[in-house]
Structures are given as C-alpha cells and as structure tokens.
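Colleague: Sequence:
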Amino acid sequence: MGGYSKAAKLWGWLMMLAYGLHSLITINLPRTDKALPLRDELRGWHYLAGTLLFIAVSVRIFIWFRERHRETPPAGLPEGAFRWGRALAAASWFLIFLAPFFGVLYAWSQSLPVHLGPLPALPPLVEANRLLWQFTGYFHSGLGFMLLLLNLTVVLSGGFFLLRYGHGLLSAFPPGQGALSLVGLSVTVYAFATFRSPDPGPVAVGIFWLICAAVWGLSRLLKRREKALDAPRRPVHPAMAYAIPVAAAAIVVGGAYGPHAMFRVTPWPMGEVVEAPDGVEWHAARVQAVTLPTPAELAEARRIGQDTYKWCTFCHTVTKGKKHLVGPNLFALYGQKAGTVPNFAYSDAMVKAREGGLVWNDETIAAYIADPDRFMPGTSMIISSGPVSDPNVRAAVVTILKYETMRPEAGE
1 MGGYSKAAKL WGWLMMLAYG LHSLITINLP RTDKALPLRD ELRGWHYLAG TLLFIAVSVR
61 IFIWFRERHR ETPPAGLPEG AFRWGRALAA ASWFLIFLAP FFGVLYAWSQ SLPVHLGPLP
121 ALPPLVEANR LLWQFTGYFH SGLGFMLLLL NLTVVLSGGF FLLRYGHGLL SAFPPGQGAL
181 SLVGLSVTVY AFATFRSPDP GPVAVGIFWL ICAAVWGLSR LLKRREKALD APRRPVHPAM
241 AYAIPVAAAA IVVGGAYGPH AMFRVTPWPM GEVVEAPDGV EWHAARVQAV TLPTPAELAE
301 ARRIGQDTYK WCTFCHTVTK GKKHLVGPNL FALYGQKAGT VPNFAYSDAM VKAREGGLVW
361 NDETIAAYIA DPDRFMPGTS MIISSGPVSD PNVRAAVVTI LKYETMRPEA GE
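Position 39 of the sequence shown, counting from 1, maps to 39 under full-length UniProt numbering, and the rest follow consecutively.
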C-alpha cells in the first residue's frame, strides 16, 4: 500500500467498517414503516454508527494532514494515479466529516429525537424550523449523492488502474478507501434495485460483484503489475497537479444536484405558497363523504400495495395536526381542489391544475400516480418506486390512501 503508516492503515480500515455498518442501517431506514417502533430504534443506531464513523474519519483526516507529504505510491503505480486516488479519498473523508452536522440539524429542525442507540436523547440545540429542515435535509441527502459519485469514480478508477498498472482498489488508494467505496457502491446498487421490492437486491449486488471479480481476474491474466514494475516513473505534469483536485471538486459539486435530479426537491421553498395562519398545514375539515374500505378490503389492499404505499409516507403526512414533509399533508384529501393545502409551496404545474378545477377523487388520484409527468406535465412529484403502472397495485394504493386520509381518527 505504499508509504502509509500503521496508524493510517488502522484508522482507514476502521473507517471502512464504520461506513459499512452505517450504510447498512441507513439503507433500511426508509424501507421501514414509520409507524413501527423499529423505525425509531433504527434511527438511534443510525446516529450511533454515524458517531463512530465521525470519530474514525476525524482521526483519519488528522493523520492525513500530518503524514500527507510522507506518503508514497506503491511500486508500479504512477504518481498521477496515486494523487488521483488520494484526492478522491480526501474528498470522501471531508464529506463524511460534514454529514453528521447536517444530519443532526435536520433531525432537530423537525423535532425528531437524536439518541445514540439505546441511550437517552440529546437535548435539542435548535427549535423546529421548516426552512432549516428543508435546507439541511437537501444537503444531507446531497452529501450522499456526492459520496455516491465519488464511490463510483473510485471503483471505475480502481478497475482502470488494475487493468493498466496491476494496482486496484486495495493498493491504488489509501488503506481502506477502495473497500469503503466498493461497499458504498454495493449498497447503492441494492438501494436502486429494491425501490419496488426487496427481491431483486441480492441478485443485483451479486451481478455487480461478479463484474468486479471479472475485472480482477482479467488483470491477473494480463499480469499488469509485473509489466508496470518495469515502466520508468515519471513526474506529474504541473497542469495535472492542479487538474486532479479540480476534477475531484467537480465531482462533489455535481453530486449536489442529485437530490433535485432524483427527487425534484430544492434546498429552499419554491413556487406559490397557499397563504394561511402560521402553523396551519392541513385542511380544516373533510369536504366530501366517502365510503371507507371494509377491514377485509383494507387488508387485501395492504397485501397488494403496502410496499408501494410506504413511499407515499416518506414525503407526506396524512393526519390532522402533522407538519408538511417534502410533500403536503394529505388529511381530508378527497373532494379538495388540487394545490390548496395551507402553507405549502406548490409548483406552477399544480397551481395550473388548481386553476383548471382539478379535484382529488379515486379516478384523479389513480391517474396521477399512474404517471405523474403525463397527468400533470411539470409536476414536482415523483414516486420513488416509479409510476404505479400495475392497475391492481394502483387500486390498492388508492384504497389505502383513502382510508388513511379520510378515516375519522385522522381528524382527531
């Protein structure tokens, strides 16, 4: 691994282990029903794992500052490739270092308790504040997208270095960094594969690992490391010395756009706000009587559509007295004109739909979730698991939503 100290190796690998643990907990958080006690327990372990990761990365950054001028590339790895690997690693470390600050402020600003595992909650240092929640939430998510791009770049660079110089994820990057990025990208592959169902996750990760193994096997056949040892070592061109950190910074900046590109969210309110007294973020009362599903009908709807409906609760609350999330509170949704929930900032597309007289009912809700962009071009709403194209799942989601937003208990 080149000229790295024992401390750098130790804390690099400890950081990787903490990052892996934190990633596994994080990936399960949004996939756990908000109503279950397990959700709050997972959040506590998420904070605890994040604290351990913060300690490890803080020590690793300190070691890097102390030893960065003494670290040397392993035999056969060019200086430029070595610097590129360190630049990607350093960028990742600083993002991991920043993440807890945004995460804790994000939790406190929406009145969520912050507790480390089973320990008591920490006293909040800020009050609930939607503007702070939206800003910190966007960039807490944005840091995740930045790390995703960095992990992808590390893995792709590692593959190239392995085929070109015989040095891959374990030797071309600082100790633990290549494995950290491989773990992080594996978790990302699992996440993208399981928006609709957990079933494709293991297969997707297995395919990803097979591709990585194939690249490693090809490098062994080509005997690149032996050939790279005979190549003369060349100094880094001055232009490249400046280009490397600029390129790493560009990857980070590009990741900041991730939450908007993926979820169409913004770091501050945008659009037309429905004026109302402060603190009122739900419809005052139901405006339409509906026939609620029977217990048997609701149970069947949950069997068919709960895995899809859970993503609705990621962005919406459904009972009176609950604050807006990324999307508006949906209490008493049926019979309401579109885009009228108090104190929510609506997109131009939703305002246009309101002015056109769109009213929410079984048919309009079903058409909206079947393909939001087609039903309302320019809408800011997306469905994390994708448009609900299956008519049976769509009907089930509508049934669950009707029950959750219109049942008598929702207005208490």
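If you're looking for bench data, these hints aren't it; they were derived computationally from the structure. Please note that the accuracy of each hint is not assured.
List time: in silico PhoX-like cross-link candidates among lysine-lysine, alpha-carbon distance up to 20 Å [to be verified]: (1) Lys6 / Lys34; (2) Lys310 / Lys322; (3) Lys34 / Lys322; (4) Lys34 / Lys320.
Label pairs and their calculated CB-CB ranges [unchecked claim]: (5) Thr266 / Pro113: 37 to 45 Å; (6) Pro269 / Ser197: 32 to 40 Å; (7) Pro269 / Ala299: 33 to 41 Å; (8) Gly217 / Asn361: 53 to 61 Å; (9) Asn361 / Phe101: 43 to 51 Å; (10) Val236 / Ile382: 41 to 49 Å; (11) Ala7 / Val280: 51 to 59 Å; (12) Lys223 / Pro387: 21 to 29 Å; (13) Ala299 / Lys9: 25 to 33 Å; (14) Val236 / Pro269: 41 to 49 Å.
Idealized CB from N, CA, C, for every residue including glycine.
Colleague: Of the numbered hints stated earlier in the document, which are not met by this structure?
Modeller: 1, 5, 12, 13
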